[in-house]
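Chemist: Each chain, letter by letter, is given below.
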Amino acid sequence: DAKTTQPTSMDCAEGRAANLPCNHSTISGNEYVYWYRQIHSQGPQYIIHGLKNNETNEMASLIITEDRKSSTLILPHATLRDTAVYYCIVRVGDSNYQLIWGAGTKLIIKP
Amino acid sequence: ETGVTQTPRHLVMGMTNKKSLKCEQHLGHNAMYWYKQSAKKPLELMFVYSLEERVENNSVPSRFSPECPNSSHLFLHLHTLQPEDSALYLCASSFHRAGEQYFGPGTRLTVT
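Note that the protein sequences, when read in sequence, are chains A and B. Residue 106 in my numbering sits at position 106 of the first sequence; the count goes up by one each step and never skips. Count along the second sequence from 1, add 1000, and you get the number used in my numbering.
Just so you know, these hints were derived from the structure itself, not from any lab. Computed from a predicted model, the values in this text were never measured in an experiment. Every residue gets a Cβ at the ideal spot worked out from N, C-alpha and C, and that includes glycine. Be careful, since some hints might not be right.
Unchecked claim - Here are the computed lysine-lysine pairs in the DSS-like style, where the Cα-Cα straight-line distance is at most 30 Å:
no., chain 1, residue 1, chain 2, residue 2
1, B, K1041, A, K69
2, A, K106, B, K1041
3, B, K1019, B, K1040
4, A, K3, B, K1018
5, A, K3, A, K69
6, B, K1040, A, K3
7, B, K1040, A, K69
What the hints assert, rightly or not - Which stretches of chain A does chain B cover? Using the computed rule of at least three CB atoms under 8 Å from a CB of chain B, they are:
no., segment
8, 20-32
9, 85-97
10, 101-111
Please construct the entire structure, taking both the sequences and the accompanying hints into account.
Modeler: Here's what the structure looks like:
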């Protein structure tokens, strides 16, 4: 599975859109981009995933560049409860059971 | 109960104790996982069970012993642990090898 690079930390004002970048320049054609988050002292929470097209659900939007070398997770109206570590993970579909976790981005939402 | 539950939420044990962590999923999934999360380290996959058979065992010391009696329940039996085993132990479940894994709240383990 391809490796990902994320900023260590980011701040965002409450009510604004939080845009979290992820670089995955070595991604293969059959690898999906997954996003999870982990609120302090809780288990990780699945957010969204995509292959090529942009995706949206009730939690967030995922924008994948045309060359697929990077992506952005968008939380449209961030709240204080969105403060968490956000993980970007790349993996080949349903090929195995592994999710390779990095250090993620610590997102702090400020009042 | 919904989702993935874990008990106990906190556990303090001595190095000579034997204890068990329990996980239960109410999502109808057929794969279950144990992860370890140590301070300042990424999540590490320990074990995976699919349809009650162990399919992955990532070089975990034998003092950790998993058990999966059915597709809804997963246990992690602990014995003669070391202080460096202190960590957050997370259980997760999924449909087969799906990348969407659903996690429990974790058990915070302290080994004294």
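Chemist: Next step is simple, just say for each hint if it's right about the structure.
Modeler: For each hint, the structure was consulted:
no.	hint	verdict
1	B:K1041 <-> A:K69	holds (25 Å)
2	A:K106 <-> B:K1041	holds (14 Å)
3	B:K1019 <-> B:K1040	holds (25 Å)
4	A:K3 <-> B:K1018	violated (38 Å)
5	A:K3 <-> A:K69	holds (11 Å)
6	B:K1040 <-> A:K3	holds (19 Å)
7	B:K1040 <-> A:K69	holds (27 Å)
8	20-32	violated (count 1)
9	85-97	holds (count 7)
10	101-111	holds (count 3)
Taken one by one, the earlier hints fail for this structure at numbers 4 and 8, listed in ascending order.
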